[in-house]
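In case you want the letters, here they are:
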Amino acid sequence: MTLREQFPLLVSDPGLHYLDSGASSQVPAAVLDAVRTFETTQRANVHRGVHRLAEAATGAYEGARDDIARFFSASREEIVFTSGTTAAINLVAHSFGAGLAPGDEIVISEIEHHSNIVPWQMLRDRRGLVLKALPVTDEGRIDLDALDRVMTKRTRLVAIAHCSNVTGAVVDLARVVAAAKAVGAAVLVDGAQRVPHGPLDIPALGVDFYAFSGHKMYAPHGIGVLWGRRDRLEAMPPFLGGGDMIRRVTLETTEYAPPPARFEAGTPNISGAIGLGAACRWMAGLDWTAIALEELRLTGRLLDGLAKVPDVRVLGPLGLQQRIGVVSFMLGDAHPHDVAQILDRHGVACRGGHHCAQPLMDRFDLMGTTRATIAPYTEAADVDALLVGLDEARRVLA
Amino acid sequence: MTLREQFPLLVSDPGLHYLDSGASSQVPAAVLDAVRTFETTQRANVHRGVHRLAEAATGAYEGARDDIARFFSASREEIVFTSGTTAAINLVAHSFGAGLAPGDEIVISEIEHHSNIVPWQMLRDRRGLVLKALPVTDEGRIDLDALDRVMTKRTRLVAIAHCSNVTGAVVDLARVVAAAKAVGAAVLVDGAQRVPHGPLDIPALGVDFYAFSGHKMYAPHGIGVLWGRRDRLEAMPPFLGGGDMIRRVTLETTEYAPPPARFEAGTPNISGAIGLGAACRWMAGLDWTAIALEELRLTGRLLDGLAKVPDVRVLGPLGLQQRIGVVSFMLGDAHPHDVAQILDRHGVACRGGHHCAQPLMDRFDLMGTTRATIAPYTEAADVDALLVGLDEARRVLA
Amino acid sequence: MSDELYQEALLKLAKEAPRKGRLEPNDASARLDNPLCGDRVRIDLRLKDGRIADLAHEVRGCLLCQAAAGVIGRRAVGLDRQGVADLCGEVDRVLAGETPAVAELEAFRPVARHRSRHDCVRLPFQALKEAVDVK
Amino acid sequence: MSDELYQEALLKLAKEAPRKGRLEPNDASARLDNPLCGDRVRIDLRLKDGRIADLAHEVRGCLLCQAAAGVIGRRAVGLDRQGVADLCGEVDRVLAGETPAVAELEAFRPVARHRSRHDCVRLPFQALKEAVDVK
Ligand SMILES: Cc1ncc(COP(=O)(O)O)c(C=O)c1O
Ligand SMILES: Cc1ncc(COP(=O)(O)O)c(C=O)c1O
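Those protein sequence lines, which keep their order, are chains A, B, C and D.
Here the first sequence stands for residues 0 to 397, numbered as in numbering that gives the first Met the number 0.
Here the second sequence stands for residues 0 to 397, numbered as in numbering that gives the first Met the number 0.
Here the third sequence stands for residues 0 to 134, numbered as in numbering that gives the first Met the number 0.
Here the fourth sequence stands for residues 0 to 134, numbered as in numbering that gives the first Met the number 0.
Read the hints as simulated data drawn from the structure, not as lab findings.
Don't take each hint at face value.
As the list claims (entries may be wrong) - With beta-carbon atoms standing in for the labels, derived distance ranges:
1. 23/D / 229/A: 34 to 44 Å
2. 36/A / 233/B: 42 to 52 Å
3. 197/B / 80/D: 55 to 65 Å
4. 97/A / 97/C: 29 to 39 Å
5. 252/A / 45/D: 30 to 40 Å
6. 174/A / 236/B: 30 to 40 Å
7. 23/D / 379/B: 47 to 57 Å
8. 29/B / 20/D: 54 to 64 Å
9. 95/C / 230/B: 46 to 56 Å
Said to hold, decoys possible - Keeping only pairs whose Cα atoms sit at most 20 Å apart, straight-line, the calculated EDC-like set for lysine to aspartate or glutamate is:
10. 11/D / 332/B
11. 131/B / 251/A
12. 11/D / 85/D
13. 11/C / 391/A
14. 14/C / 310/A
The beta carbon of each residue, even a glycine, is placed where N, CA and C say it ideally should be.
With the hints as extra help, turn the sequences into a complete structure.
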């Protein structure tokens, strides 16, 4: 079976050229089957039951945590399940943020997704912090040369995307970590766009928090992970209150459980976690050297093709170094929605808009871009269909 | 097809007597199929795409909101998707709680689930509030006679469970609403245990917030709803920050979207919402008069059976008035885990423990209870198997 | 009728929209954003006896949004509050797949099938409504 | 060997556990809760030359938890820190399905298959470990 054949939606819709994996990836049968097996043979609530279904459900749920930890070379105590990247970042903004004092500084960048901007603005307003942003270069990369200028002794946290969901640029985390370490700041990485592109040793990055979503990495929606360095998690108060995150509750007061339970209030998304665990196992079985090469080749094909279309301007690195296959472009003055709509007529699924990165759009004075994402199941035909569709878009919209 | 035959797990495991629906219900094929259809024919991210999959996904997701609104006689703007009851209550604790001042009072009860206690303790500590609890009667009901004493002009919110997850008692919400109205307080209802037992006109209750989870009402885990009266929601600041909840983001500041989007930051649990919508459609097609009667009959059978077992003591109403089929009991001094474990040998899935209601356990000086829940798919054989299992438990543990 | 979105009629509405720009001074003005796509619309009005005497529209958005502003540029002068409400009602009807009474709206019929684009068409009309309602 | 959890041997360990109660005064004491089930264990120790000279245990928990405390009541006096660690190691081994070197732990072998109950068995041993470690 080819990799593409493992994706039921792609098989059943051969005319579809799905280039919108940056928004949500497609999902392989292995993941769907794991979820269905849970729902039809193990379904129960976790942790609190001793009957055999509850045992099976707990085993599957905690087994998923093990699978995820293994895939990211982490330990299971560091894997906090959340509903996604957004929830993971908000968790840190509240729980880590509870330890910050007025005047403390947080550094983000101009390239960030709203999920990595708004929680920090809200925290700034709650606690009287200072929020600073690293600028973005003309090439669409975070300008790390500005670190020297932006970081101060008051910097407590740098929150930054591993890969941009607009330009595809990959950030040099080692430089960010070094700069943060120099002033004693923690580092949070928004890994939403990085994790779909292969295994990663998260602890080796030297960062403190790493957030990602399942739905962009071949798993269900509604599940994600906050990886946190153990000492950081242990030092943090809980965020949400409820069942499962407690040690002991009286009407007056509550003692909290250790991490990761402390941060997992309420019945978790059990099937989602099981799906994410299955996605990690599925990914672990792939040949990522070959896939990375193929993704690179297709990204090159796309960039080359775009370079030949008059009026097209790419927002982001034009080369293949330090980038993933997330490619944004403008077609003359055409609105990206109109471009995406015409591409859709060719079966090409692209995203058009601001990609939840309005500050980046403002930086380049754009309404938005049209974005194509290269995934492991992408084929040359998908890229070519996009280029053909663009030809029509030019005719109609120019 | 009988109702039970619509549940794949129950069909494939005929020896199973599933009496743990109070923790998580089982899920009918109609719901599983709706989720699978999404994953294999419509999967994409919602709201931001114009291609046909994104259109289909958005249609399915917002269609689910319509189905849920219809089932609860609500309007779609009042349906906020959350990851569950716990997340819904925490949302209110943060967003409604942001408007409270030191000295303001919140009233809960001794019967509450930790999810409806801990968020208020945390809010109390954040904002210097006073947290009070209505006591519980010996019968295992919230003592509404205490309302007069506990409510004051400083009471801003009463947060209370519609049905107890331990004793099965149903609260007289009209009395609570009247008492709250008299002092201008809002009312939040934890409906987690009520919603699995049939349709409900939520706006007609006269309350301000109503929270529930999908996984207890035949839908997937990881999805739930906060219903909020429109003016309440409109007056509240957002809770989580991220994509989809904004009107406009700059690096300096953010304008927020109107409800419900304001409270739905990030990519939602799309498949979960679709599953919950399908569950509502499925429930809407059932004959709830017949089901309610049958649930009552089986609850009676269980209570009668328990009354005949020496050493068994029921915690909760012994009659069938104002109660759902959630039945808790103690077997002599036996630990509920040991009881549940022995019942499991008879294929009977019951929950043993504190049921995330430690203050209620303290009130009755109990380590925990063994709990059985009657659901629409429960049959007399399930109840009888429990009673047979209890006989063995008595022999072993007495 | 073809279900093709980008027909000649629509493109023409967008490209040849009269009354583009700003109106200064004005009696009423409204700016609306579509948070999902970032489209922005501003409508400036001059009013006389409760009727729109002059107007201008500034759109930063897609062709559908521009074309909708084009309809406003052609049709809105002379309308009172009720007339604007009626026009918005017609827009809703065409987006529901019905035949509109206003000829220019015909060009939007294919949009009915594309729910994600309905707001693109509605945005300028909503801004117009806000502007007359403010006053 | 039967995989029946509630065998005679286990029931006996629970019911006839020596050294139930509190020890006052004591040299070390630890209380642990299992948040999932609400079980609570307290272990009091008297120590001499780094060894446990006397102990008492108070358990509010299930039979497995009580039986585990029973093992402690029989076995822990005389142990030093390393001895306690070894005993805990044996508990982990039996819960992993292996044959324990400590005869009394034999009764816990059927628990290996019930992961949700492992913590019931571990809780008293963890409390014991905390108590000797505090000192
Ligand atoms: C009465 C009650 N409230 C709240 C909850 C919490 O719901 P969830 O865990 O789905 O957030 C539950 C169930 O666990 C419950 O029974
Ligand atoms: C870089 C980046 N960060 C954060 C997010 C937010 O993730 P989610 O919506 O799954 O919470 C996304 C995707 O939407 C993203 O691309």
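Against the structure, the hints:
1. Our hint of 34 to 44 Å for residue 23/D and residue 229/A holds, since their Cβ atoms are close to 37 Å apart.
2. Our hint of 42 to 52 Å for residue 36/A and residue 233/B holds, since their Cβ atoms are close to 43 Å apart.
3. At roughly 59 Å, the beta carbons of residue 197/B and residue 80/D sit within the given window of 55 to 65 Å.
4. At roughly 54 Å, the beta-carbon separation of residue 97/A and residue 97/C lies outside the given 29 to 39 Å, and the hint is violated.
5. Between residue 252/A and residue 45/D the CB atoms are about 32 Å apart, so this pair conforms to the stated range of 30 to 40 Å.
6. Look at residue 174/A against residue 236/B: about 36 Å separates their beta carbons, and that is inside 30 to 40 Å.
7. Separated by about 54 Å at the C-beta atoms, residue 23/D and residue 379/B satisfy the suggested range of 47 to 57 Å.
8. Take residue 29/B and residue 20/D: their Cβ atoms lie about 57 Å apart, and the range 54 to 64 Å holds.
9. With their beta carbons about 28 Å apart, residue 95/C and residue 230/B fall outside the hinted range of 46 to 56 Å.
10. For the hint pairing residue 11/D with residue 332/B, the CA-to-CA distance comes to about 16 Å; that is within 20 Å, so the pair holds.
11. A distance of roughly 9 Å separates the Cα atoms of residue 131/B and residue 251/A; the hinted pair therefore holds under the 20 Å criterion.
12. The hinted pair formed by residue 11/D and residue 85/D fails the criterion: a straight-line CA distance of about 24 Å is larger than 20 Å.
13. Taken as a hint, the residue 11/C and residue 391/A pair is honoured in the structure, with Cα atoms around 18 Å apart against an allowance of 20 Å.
14. Between residue 14/C and residue 310/A, the direct Cα distance comes to roughly 19 Å. Compliance with the 20 Å bound is thereby established for this hinted pair.
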